[in-house]
Amino acid sequence: MRCHPLQRYILYGAIAFLSAACSSLPDAGEPRIDLALGRQLAFQRSKGNCLACHVIADGDMPGNIGPALADMSSRFASKDALKAQIRDATRYNPQTSMPPFGRNRLLSEQEIDAIVEYLWTL
Numbered sequence: 149m150r151c152h153p154l155q156r157y158i159l160y161g162a163i164a165f166l167s168a169a170c171s172s173l174p175d176a177g178e179p180r181i182d183l184a185l186g187r188q189l190a191f192q193r194s195k196g197n198c199l200a201c202h203v204i205a206d207g208d209m210p211g212n213i214g215p216a217l218a219d220m221s222s223r224f225a226s227k228d229a230l231k232a233q234i235r236d237a238t239r240y241n242p243q244t245s246m247p248p249f250g251r252n253r254l255l256s257e258q259e260i261d262a263i264v265e266y267l268w269t270l
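Numbering-wise (my numbering), the sequence shown opens with residue 149 and increments by one.
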């Protein structure tokens, strides 16, 4: 079966369009993390409440118990290391005043992931 040159042109254009459109979609293997949700959780007094102890850029009434949360990618070797710190800081410092958010189920794994993604941008 032979295609008319115009049909081939339309077909190739459609393939190119779909290829470009699909390449901009997030990878199906990686869940999309909402940075706004991570920020909201970090600032929310009933959830992460990071501001109670840490200075975070553009946060209102920050605490000064813990270090400022800035330049996180140079302070932690990876996002996994930061996540481990948030999940249970007592593993690294038994005397820490930071609550073990994951171990005590104060935050879900998805909430911790969202906070890590947000903090990693600081």
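Honestly, the hints are just simulated from the structure, not real lab data. Worth double-checking, as some hints may not be accurate.
Stated by the list, open to error - In silico SDA-like pairs for lysine to any residue, Cα to Cα no more than 20 Å straight-line: (1) Lys231 - Asp208; (2) Lys231 - Arg251; (3) Lys231 - Thr244; (4) Lys231 - Gln192; (5) Lys231 - Met209; (6) Lys227 - Asp261; (7) Lys195 - Ala225.
Predicted model only: the values in this text are computed from it and were never measured.
Checklist entry - Taking each numbered hint in turn, which are not upheld by the structure, reported in ascending numerical order? => result Of the numbered hints, 1, 5 and 7 do not hold.
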